[in-house]
Amino acid sequence: MNTVVADITYRAMLGRKRIWLLVLLPVALVAIAALLRLLNGESEQTAVTLMKTFAIGTMLPLLGLIGGTGVIAPEIEDGTIIHLLSKPISRPVIAVTKFVVAASLIAVFAAVSTFAAAYLLTGTESGVATGFTLGALFGGVAYAAVFLLLGVLTRHAVAIGVIYALVWEGVVGGYVPGARKFSIQQWAQSLADQISSSAFFSTEVTLGFAVPAMVIVTVGAVLWTGQRLRSLSLTGDD
Amino acid sequence: MTTTSPPVTTRQGVLELAQVSRWYGNVVAVNDVTMTIGPGVTGLLGPNGAGKSTLLHMMAGFLAPSNGTATLDGRQIWHNHDIYRQIGLVPEKEAVYGFLTGRQFVLSAARLHGLPSPADAARRALDLVEMTEASGRRIETYSKGMRQRVKVAAALVHDPQVLLLDEPFNGMDPRQRLHLMDLVRRMGEEGRTILFSSHILEEVERVAHHIEVLVAGRHAASGDYREIRRRMADRPHRFRVRSSDDRRLAAALIADLSSSAVSLTEQGIEVQVTDFARFTALLPRTARDLDVHLWQVSPTDEDLESVFSYLISGSAR
Chain A
266 MNTVVADITY RAMLGRKRIW LLVLLPVALV AIAALLRLLN GESEQTAVTL MKTFAIGTML
326 PLLGLIGGTG VIAPEIEDGT IIHLLSKPIS RPVIAVTKFV VAASLIAVFA AVSTFAAAYL
386 LTGTESGVAT GFTLGALFGG VAYAAVFLLL GVLTRHAVAI GVIYALVWEG VVGGYVPGAR
446 KFSIQQWAQS LADQISSSAF FSTEVTLGFA VPAMVIVTVG AVLWTGQRLR SLSLTGDD
Chain B
6 MTTTSPPVTT RQGVLELAQV SRWYGNVVAV NDVTMTIGPG VTGLLGPNGA GKSTLLHMMA
66 GFLAPSNGTA TLDGRQIWHN HDIYRQIGLV PEKEAVYGFL TGRQFVLSAA RLHGLPSPAD
126 AARRALDLVE MTEASGRRIE TYSKGMRQRV KVAAALVHDP QVLLLDEPFN GMDPRQRLHL
186 MDLVRRMGEE GRTILFSSHI LEEVERVAHH IEVLVAGRHA ASGDYREIRR RMADRPHRFR
246 VRSSDDRRLA AALIADLSSS AVSLTEQGIE VQVTDFARFT ALLPRTARDL DVHLWQVSPT
306 DEDLESVFSY LISGSAR
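Protein chains in written order, with our numbering: chain A, 266 to 503; chain B, 6 to 322.
Please note: incorrect hints may appear among the correct ones.
[Stated by the list, open to error] Straight-line distance between alpha carbons at most 25 Å, and here's what the computed SDA-like set of lysine to any residue pairs gives:
| no. | chain 1 | residue 1 | chain 2 | residue 2 |
| --- | --- | --- | --- | --- |
| 1 | B | 98 | B | 133 |
| 2 | B | 98 | A | 307 |
| 3 | A | 317 | A | 465 |
| 4 | B | 98 | A | 317 |
| 5 | A | 282 | B | 98 |
[As the list claims (entries may be wrong)] Far from chain B by the CB rule (all over 10 Å, computed), these chain A residues:
| no. | residue |
| --- | --- |
| 6 | 429 |
| 7 | 441 |
| 8 | 476 |
| 9 | 478 |
By construction, these hints were calculated from the structure, which means they are not laboratory data.
Because the structure is a prediction, the values reported are computed rather than measured.
Even glycine gets a Cβ: it sits at the ideal position worked out from N, Cα and C.
Go ahead and model the full structure; you've got the sequences and the hints to work with.
And the structure:
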């Protein structure tokens, strides 16, 4: 961890207009929950559906994409990253710092809004709110690492990230059972399922697979990011 | 009898490129360049696209040579982040964190270097580039020249032995340019190793005591600026002349030794000049004597590319 790198990165992410990218989806989630509560009253089933499809299924990967690529990809694109890299700081330390910033932002925005939305709909019934909050928290951390890596691997991180989130996790994961094992979204859900006792909710991926997978993917992606940064080449205009 | 050579004092801040090449796929950006850059100001001169940035990036540790080695005081630069204790880098790209103030930006550089008193170091660096007054404003409000200076301040904050600047005078107004040139010269006199790239000869010769010329990725010439200047003036020139009587004027010009070839074309006379000084004196005199009016006299090969390609052919001889 390097506090100066973290400070600059937080400022870049939270300053001015960019914060709206992070705020928009969580606000939408809470607003939808409030609306459903007003129209239908408390409903555990509604809560579980909203959590599965919107909180974990849509908001989490998109926040992961915004946060994970956002902490590094724009800086590589416009060359400002030179300011950090031309200093006697090891590149893996810079990678870890960027990861911590991304993970903390995603975790906070995703987890807080997930809890608020679930609580609005079911209170503390069946541990739905707590379960999905933890799922969003750890899923968000894994997404942060994966999309951070994507941000240093390719200049088309956002496009590839969107395709991954929508096509792989959304479509393939939805219809091809085997693909679900390799989906951060499914891991986050199995964590939620473990804690929640709701009858409206069951997952296929076991916790015994999901937790180690999440840890391996997160640690691996951060280490790889560090190695990749060590060899980051900047080409001039000529 | 044995002679003992004096102890070799290890000079600090010597950049060395040994047979360095860099290619991107099939395109060779830098081709087998060997050069040593020591203390003082060195200008890296070459037309756009000559590979100056590529070379500078390899010296700054932001690009691995495809072949050969780039070292600073014998230590490898690539994959060595400790090297930045000695190197200050001013990249060409204008982008800096616009949301920071000038002071915050320079202070962050001092902190990233882990300096003992970062605030003092930042103040000194901002003073040096005369940016103290504007340092409380966000960088996004700065002019191009101010951004450039604040980048220089950030690069100087740790008092590096080596300073690398990529096209530092680009986009500056004349006053800012003079000020930065003065600063660069002064730092060179203090014994720092300073290398800056430029595609403008006048810029380079005003600041650098030593010039390295890069053309099409190859090391075309190296030396004192007077030497480079002389070789540039000595080269054969081509002129196009349009007059009221091209044929008569052409006959008189070829009769003199200052030209090696004269041809009549639709657009006027093309003259290959071998003695520049003599030709420039001869032309108006001859025109007056023959009572021929000169409509146009223009060099056809004054662009940098042809000057540089002449230098390459000269160094190949």
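Results for each hint:
Restraint check for residue 98 (chain B) and residue 133 (chain B): the C-alpha separation of about 22 Å stays at or below 25 Å, so the hint holds. Distance check on the hinted pair: residue 98 (chain B) and residue 307 (chain A) sit about 56 Å apart at the alpha-carbon level, beyond 25 Å; violated. For the hint linking residue 317 (chain A) to residue 465 (chain A), the alpha-carbon distance of about 11 Å falls within 25 Å, and the restraint holds. The straight-line distance between the Cα atoms of residue 98 (chain B) and residue 317 (chain A) is roughly 44 Å, outside the 25 Å bound, and the hint therefore fails.
For the suggested pair residue 282 (chain A) and residue 98 (chain B), the alpha carbons sit about 23 Å apart, so the restraint of at most 25 Å is met. At roughly 28 Å, the least C-beta separation between residue 429 (chain A) and chain B is larger than 10 Å, which holds for a residue marked as non-interface. At the 10 Å boundary, the C-beta of residue 441 (chain A) stays outside the reach of chain B, the nearest C-beta of that chain being 37 Å off. Interface exclusion of residue 476 (chain A) from chain B stands, the closest Cβ pair being 34 Å apart, more than 10 Å.
Non-interface call for residue 478 (chain A) relative to chain B: holds, since the shortest CB-CB distance, roughly 32 Å, exceeds 10 Å.
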